[in-house]
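Enquirer: Protein chains in written order, with my numbering: chain A, 52 to 236; chain B, 161 to 753; chain C, 161 to 753; chain D, 256 to 523; chain E, 256 to 523.
Because the hints were derived from the structure by calculation, they are not lab data. Watch out, some of these pointers could steer you wrong.
Claimed, not checked - Simulated crosslink set (DSS-like; lysine-lysine; CA at most 27 Å straight-line):
no.: 1; chain 1: D; residue 1: K382; chain 2: B; residue 2: K607
no.: 2; chain 1: E; residue 1: K267; chain 2: A; residue 2: K131
no.: 3; chain 1: A; residue 1: K213; chain 2: E; residue 2: K463
no.: 4; chain 1: B; residue 1: K261; chain 2: E; residue 2: K267
no.: 5; chain 1: C; residue 1: K198; chain 2: D; residue 2: K263
no.: 6; chain 1: B; residue 1: K282; chain 2: A; residue 2: K213
no.: 7; chain 1: C; residue 1: K282; chain 2: C; residue 2: K261
no.: 8; chain 1: D; residue 1: K397; chain 2: C; residue 2: K318
no.: 9; chain 1: E; residue 1: K260; chain 2: A; residue 2: K131
no.: 10; chain 1: B; residue 1: K257; chain 2: B; residue 2: K346
no.: 11; chain 1: D; residue 1: K397; chain 2: B; residue 2: K607
no.: 12; chain 1: D; residue 1: K267; chain 2: C; residue 2: K261
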Amino acid sequence: MSAGADKKDSPLWLDRAVFLAHSVALEQEAADRMHELAETMAVHNNPALHELLSSLAAHSDSHALDMKALCRNETLPRFKAWEYSWPDDESPEIFHYSSVHYLMSAEDALQSALEVEQSAETFYRDIADNATNPAIKQLAEQFATEEQEHARSIANRLSALKAGFQNDLSKDPDQTDFDPPHTPE
Amino acid sequence: MNNLTIAMVGSGGTGVVTAGEMLLRAAAKLGLYGVLRKTFGPQIRGGESAAIVRLGSEIVTNLSGSVDLLLVLDWSNFQRFADEIPVTESTILIEDKAAGKYPANLPQPQQTLTLDFLGLAKTLGSGHSNLALLGYVTGWLGCTAEITELAIRHRLQKHPQETIELAITVALGGTQLQLEQPIPLKPVLPLPTHASGVNNEQNLWVANGNQLTGLGALEAGIRFVAAYPITPASDVLEWIAGEIESVGGHLVQAEDELAAVNMAIGAGFGGVPAMTATSGPGMALMSEAMGLAVASETPLVVVDVMRGGPSTGIPTKNEQSDFNLAVYGLHGDAPHVVLSSLSISDCHFTAGWAAEIASERQSLVIVLSDQFLGQSSQIMPPTASTGFSANTEQAILAQGEAGEPAPYFRYLDTDSGISPLALPGQPDGMFTADGLEHNAAAIPSPKAADHQQQLAKRLRKLDSLVESPHWAEVHGQGSLLLICWGSLYQVSLEAQTQLRAKGIDISVMGIRLLSPLPLEKIKQAMGQARQTLVIEQNQQGQFAHYLGSFDSQGLGPDQLSFHQYCRPGPALFSPVEIVAQVEKLIDTGMSSC
Amino acid sequence: MNNLTIAMVGSGGTGVVTAGEMLLRAAAKLGLYGVLRKTFGPQIRGGESAAIVRLGSEIVTNLSGSVDLLLVLDWSNFQRFADEIPVTESTILIEDKAAGKYPANLPQPQQTLTLDFLGLAKTLGSGHSNLALLGYVTGWLGCTAEITELAIRHRLQKHPQETIELAITVALGGTQLQLEQPIPLKPVLPLPTHASGVNNEQNLWVANGNQLTGLGALEAGIRFVAAYPITPASDVLEWIAGEIESVGGHLVQAEDELAAVNMAIGAGFGGVPAMTATSGPGMALMSEAMGLAVASETPLVVVDVMRGGPSTGIPTKNEQSDFNLAVYGLHGDAPHVVLSSLSISDCHFTAGWAAEIASERQSLVIVLSDQFLGQSSQIMPPTASTGFSANTEQAILAQGEAGEPAPYFRYLDTDSGISPLALPGQPDGMFTADGLEHNAAAIPSPKAADHQQQLAKRLRKLDSLVESPHWAEVHGQGSLLLICWGSLYQVSLEAQTQLRAKGIDISVMGIRLLSPLPLEKIKQAMGQARQTLVIEQNQQGQFAHYLGSFDSQGLGPDQLSFHQYCRPGPALFSPVEIVAQVEKLIDTGMSSC
Amino acid sequence: MLSAKQYKSGVKPIWCPGCGHFAVLNAITKAFAALEQAPEDAVLVSGIGCSSRLPAYINSYGFHGVHGRALPVAAGLKVARPDLNVIAMGGDGDGFSIGGNHFLHASRRNVDIVYIVMDNEVYGMTKGQASPTTPASWEHSKLTPHGPEVRPFQPCAIALASGASFIARGYSGDPNGLAHMLFEAVQHPGFAFIQVLSQCPTFCPEQKQWKETVHLEEVCTDDPVKAAAFLHGDDGLSKGIFYRQPRPTWPVEHPDTQPTNLRKSFEI
Amino acid sequence: MLSAKQYKSGVKPIWCPGCGHFAVLNAITKAFAALEQAPEDAVLVSGIGCSSRLPAYINSYGFHGVHGRALPVAAGLKVARPDLNVIAMGGDGDGFSIGGNHFLHASRRNVDIVYIVMDNEVYGMTKGQASPTTPASWEHSKLTPHGPEVRPFQPCAIALASGASFIARGYSGDPNGLAHMLFEAVQHPGFAFIQVLSQCPTFCPEQKQWKETVHLEEVCTDDPVKAAAFLHGDDGLSKGIFYRQPRPTWPVEHPDTQPTNLRKSFEI
Ligand SMILES: Cc1ncc(C[n+]2csc(CCOP(=O)(O)OP(=O)(O)O)c2C)c(N)n1
Ligand SMILES: Cc1ncc(C[n+]2csc(CCOP(=O)(O)OP(=O)(O)O)c2C)c(N)n1
Ligand code: SF4
Ligand code: SF4
Ligand SMILES: [Mg+2]
Ligand SMILES: [Mg+2]
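Go ahead and model the full structure; you've got the sequences and the hints to work with.
Expert: Here is the structure:
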């Protein structure tokens, strides 16, 4: 249902305010989804994942704040959730529900986080490539670089984690589910 | 100490329930008896959970109400289980290093040991501290590596080979740890004489009451089951689903309970012994159709695995609060049979009996089981064949004049109250079964005489049931008679033992036939005791009210005089709780409820 | 003789029931009191039918159990009504020439008159012997032509003018015939003092209990009704359907009883007083949702107009056999209110009270009416306004710190047991009502403490009801206390009068509040009497068992000691039957059931 | 071989003169005669309503259950006793109002039974209230004084959407045509649904018009898309077999099922 | 004006991580934000199931009833309180199995409510048994070891045949699209049905595929014949608003209704 499919006249390339509204929403939604997942892990009494996802969420929060600060003096258009021109169904920096599972490991979580940062980077890069409005082009380039930065830092965490696994086997190679479902109602 | 309660508590995904299942099986292989109770948080899966395993050298049928050994992999959300895992000063606690903070409001246990199960697992290439813990406990219990291994293999049989091997490695690592850092308590559990460990395993079963209800039903000849899932009855149905085809029957998953019960009635009308299983909300929906079974005299077994009520209530916990619905919940005067299963293994017997009664008396039989009986696993000797058989006796149709078939009276008023039943396919037995009042010839009739005849017949046909030797289990002799039903029976027997140790002898009666109530037998037993205490797990004392309702209203000499103690779930009754009530009654002459 | 029972019996299409309705109205216009009971064969329409009209100079609320005057247009199938129209030697019989053969097995009545009603009608150009019969009887009763005419016009108001005129002509022909061939019996029915015929008609009503149930509900503020037709409750719903829009409410015809009861719950949750009406099979289907009303504490009124059971049973006849279902038929511990209507006119009062209780206590209230009360028409003085009002009191939400709303506890544990209720639309009262067990804040909880708190609260909130002056009607003083409920109350009052004539004084208690049972009040009354007899119309003595279940089990001094008499339908209880039971009890100290 | 008449039980119908249900009764006896149905091997299962009284009038086994539950009783019976010819029946109130859920699920489950609904667009038995198929503006019931004001239920379209594999509509004015449909339905493997426009002269005298308005439609197809297009445009007064597409019936037999030791799984 | 986030109640969902029901929760908060919904004027009504836990998670009134009865509770509430925005919701088991009859009748009655079914093709809450929408060959439930072997229920086709006036299918992978549908549905006068493919990673991990297979279909029509042809050929994985044809809602108001004296009719 997203309007992003039709690229030719994407308002993202033409209207700075529209572009910024998307940027704010992108960061905010990323943070909200990450908090939601972190909470879910808390509810499921998985403190490790809760902690990891919360820390990622905290980063997203600060990105969102930065973005809002940047737009402090702008009047941005208000979009309904479905009026954004995302390239896909959801904003690019969001964990898709089907990438989440209660058995997911820290590695899975970081891997997904890396992918969504990369997809955010692609999103901005694409705008930077296509926008004719120089102001948009410049901002998109800047944001793409920032996303690249986020991605790099997550990639670092991920390889540290992986390295850690090799050293102290802190990653569980054995994904067996020992926790059978039961029936609350 | 010849029995021992071990509770394992863990967080999302740690798998303590699986460890509990393995522990129970290892204990069985060791020749021990035991019971496993699982308990969970509100999440579907991946939430905190606990396994309570009680082991003994003699048969163990219920929980003790206290915990000897508490094994904690995760303290967060421990309070969810506080009702069920009472930590006392005498509890010995083993906690994982990674378990988090000891809860503030918990009493300090006798001894605490903090061990690094997670670290151990990780060292061995796994994240499963539950397995390290398992091996730690089985080692302490005296299981050989082989037994622990067999228990793991059994539970994980559908998993890949590497998973199984890794699991065994971790568990045996735990066993090793136990040698270095033993539990400050000796598992003085002498092996039962009949068993000597792993070689004798074939002699014992591990089963829960829901499965045994299924077994009892199928062995007695139930060949049609209609199912609508509901906690905690679903696994009766799921067990049957896996087996019924192999004996030539069918299970249908229905669209709702209304369909389920009516499907079972249809099959029963066809002469195929039929049942359905449900819990309170589902049985409430079945009420109208159960009345149809009564009026049309169609055999039907309905199993109600009770949970906490009213309404959706507390679906995963035990309560005995569907008694009223089972006994009184039909419209009109609708006599039917209500049984209660008296233990996990008795689920087998009672289901078989129910099937037999339903067919033999062309009647509705409700079986009250409960969440504890249904969902707790027990190590037990194989249950004996019940010998029950649900064979609907087909009418022998008389010949009339000149070889013509004589008129057939489906609802003939007989001495026994049981009328001759023709089954579809039987020539010359054609009739239309009816929930409308009818005469003996099955023709609708609103006449007073027909109504009274049919009502009386339907009541009378159940009368002789009270003569059945199966009406109750009665145990011991004492000046106090403790009356109970359902899962409280086994708890009461343990209370009886504890009281005997204190020099108090009581007799315990677990009533299996709740309706029609074998009143004379109960009165006789009450007559032999000085006092009677009726206990049950519901708020309003439903059974006690029922029993009291048979008092001949203070008019005759045979009044029913008894005390009662009742309280709702979700917490299970413990032997100690019953002991306290008995002592209180003896001391003060007063009961609490 | 100051009252008189007239039975009219006819065959397919003769319209004796219509004649009975006209007769009742003519009698009302004459200033008499009376009751009309209709009874039919199994055919939907056009089959044999009978109208029993009992008239008197003082209020008549029930039938006498005997027939003074039997008017027969058709003898075939008379045996269908034999249970309800007992012909005795003292019966006077008027039969139509065309009525056919006098039934062989009937006692010969005192006097018989054979007249040609059909011939008379034909002479006048009509086939309707029922109208000739009507005029014959109204004339004999002393109705002027004007009264007979008015009664006919009222009943036929939707018919074409010619039909009405012809009907009047035929009826007045019958009146004429009466002058020539009078009934060998004088209608010694002095006109009641308050009335003097046609001019005073505005002072009296003709109504049946089902309509009055509707009136009571609407007057008390019921503004949402969900309906699924079922005999004999449909006309509660049909009467309401015609009126509820005019008071700003809605009636929805639902797809089934499950929908009906849940719709009413939805409306009740919205703060709009709601009810549904049904009979046994329908109420059985409502059991699960009634439990939801209890657990979620949603106001709900369910009216059960009882018929013969079990199952489809005898849908058109009276019985009091849904007592068990009403009181006990919910799963879990589910305290709720059960009321019974004590007369046709009391249907008005009891429905109003039910509506008020449901709203005031946020509870389920079941009203037990029955087929006799519901479907019999009575001439009566207008019922007084009940003054009941179903106003759901909305929570006053506290202010918290700094003007922020304070947290709202929907299920707060209060002294009265009644928690503050916010209604949708009320800012800051947002909560989710739940049938899952919950804590005071309406959050799901399986904890023992929450469960016990909520269970206790839901029980406690009904406690003070037993203090209500409306709990029962008690009449007279005597050494014997007769306890009854529902439609038996009026019959018992007549029995009381008959006994007094024999020099026996009894007191009669009709219990309106069946649950929670006002036990202390009952005990007090029992204490004042030497003996107590409990009567009811069902096979198993459902109420008596219930009452007995409150015996403090023979342990205290306050045992409940009573005798009982019960029998099922379809035949109505008669005053004579009760008199006989009371006399038997006094003579022998024994009761029959 | 029995004649149609010999399939009558001798119990006298309580129906009103002119009731369409008589035609259904006759159609059944005629179909049974044509099928050479052994009386003891047929079971007629019904709910509650005028129509649901039918089983007692037929010389075969019958089950007169509770309101709305004919289908589950019939399905349970057929699954347990596949040797029997099981025919469920009832009225539009019984089948489409209180019994609507079972209608959906019987259609998709495809147990090999026939289901006849005698649709008179009214609750006859309880004195003429609106049923799901009553026209929205029919004002003759006190319970719905302005008419039900609800779109009537479309039995055949719903049967199709639910997966019924045989869908037909008959008319009580044409008992022979109905007998033929029934003959076909009994032989159809799986759930066969026949809606019968069965007049209720007592509460819906206007149904006399059906004699003029009911029309035959020879549209029988095995393509659900075509059938759907037809049924969603249909006026509700066409008669005929509309859809017929045999598919596997339930229960599916699993011939490899071996007798097992029920107790085996408990051994440790 | 509240933000989407402010429509969350603060009660923590018990759902499994990755459960599609989270997406529905978010879609509702987004739609509410767009609708500027006053929290106190919305009521979410549900039955029993994982999905039915949703109302407690939203900052509005809620009613968590019994299994299968969300629709009648919602209809009763809306008829009694037309000022409220009433949204019924639940799972495929709740709505199509035990609640199937109410689905039919709510569709035809056309009370102005929205009905969201979170369809994960399974009974999540009771541990993964087959639901009416489960594929016939899905063998993962012990209750149906060979799979249900029954044709899956077609919610949208049945809604159409029953008379629903707004029919859509959403996907939990697309909460924004779903929010849009809901926004439209709330504003649609009459019964608006939204089937949501809402994955259950716990019991149906195979539903991850939906991410690839669900496809948008822009076929919205107001012609029932067209809609029927589309829905009877549909693969069940298309998303979009399929049908939209406003018609009079129930109850129909009768403005000429005068206050009457209730007691009048009893006078002789
Ligand atoms: C549970 C239940 N609800 C309601 C009734 C009352 N009832 C009996 S028959 C009937 C409707 C019958 O209509 P239909 O099925 O169309 O049959 P018809 O009489 O029109 O042939 C109803 C509502 C009942 N017997 N049981
Ligand atoms: C009357 C009744 N029958 C059965 C149940 C058990 N039950 C609870 S939830 C559920 C199915 C839920 O499935 P669905 O509606 O698809 O929701 P999901 O959990 O998949 O979201 C069942 C059968 C019940 N609570 N009440
Ligand atoms: S009321 Fe209608 S359906 Fe019932 S028997 Fe009479 S004509 Fe037939
Ligand atoms: S079991 Fe399935 S439906 Fe239920 S919460 Fe988990 S993922 Fe969601
Ligand atoms: Mg009908
Ligand atoms: Mg589901």
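Enquirer: With reference to the structure, classify each hint as holding or not holding.
Expert: Quick rundown of the hints versus the structure:
Between the alpha carbons of K382(D) and K607(B) the distance comes to roughly 22 Å, so the proposed pair stays at or under 27 Å and holds. A C-alpha spacing of about 25 Å is found between K267(E) and K131(A), which places the hinted pair at or below 27 Å, so the restraint holds. Between the alpha carbons of K213(A) and K463(E) the distance comes to roughly 26 Å, so the proposed pair stays at or under 27 Å and holds. Restraint check for K261(B) and K267(E): satisfied, since their Cα atoms lie roughly 22 Å apart, inside the 27 Å limit.
Restraint check for K198(C) and K263(D): not satisfied, since their Cα atoms lie roughly 32 Å apart, outside the 27 Å limit. As the CA atoms of K282(B) and K213(A) are separated by approximately 15 Å, the hinted pair is consistent with the 27 Å bound. Taking the CA atoms of K282(C) and K261(C), the gap is about 21 Å. The hint holds against a cut of 27 Å. Annotation: proposed proximity of K397(D) to K318(C) holds, straight-line Cα distance about 14 Å (limit 27 Å).
The straight-line distance between the Cα atoms of K260(E) and K131(A) is roughly 14 Å, inside the 27 Å bound, and the hint therefore holds. A hinted pair counts as satisfied when its Cα atoms are at most 27 Å apart, and K257(B) with K346(B) qualifies at roughly 23 Å. Simply put, K397(D) and K607(B) have alpha-carbon atoms about 30 Å apart, too far for the 27 Å limit, and the pair is violated. In summary, the hint linking K267(D) to K261(C) is supported, as the alpha carbons are separated by about 22 Å, within the 27 Å threshold.
Hint check: violations occur at hints 5, 11; the rest are consistent with the structure.
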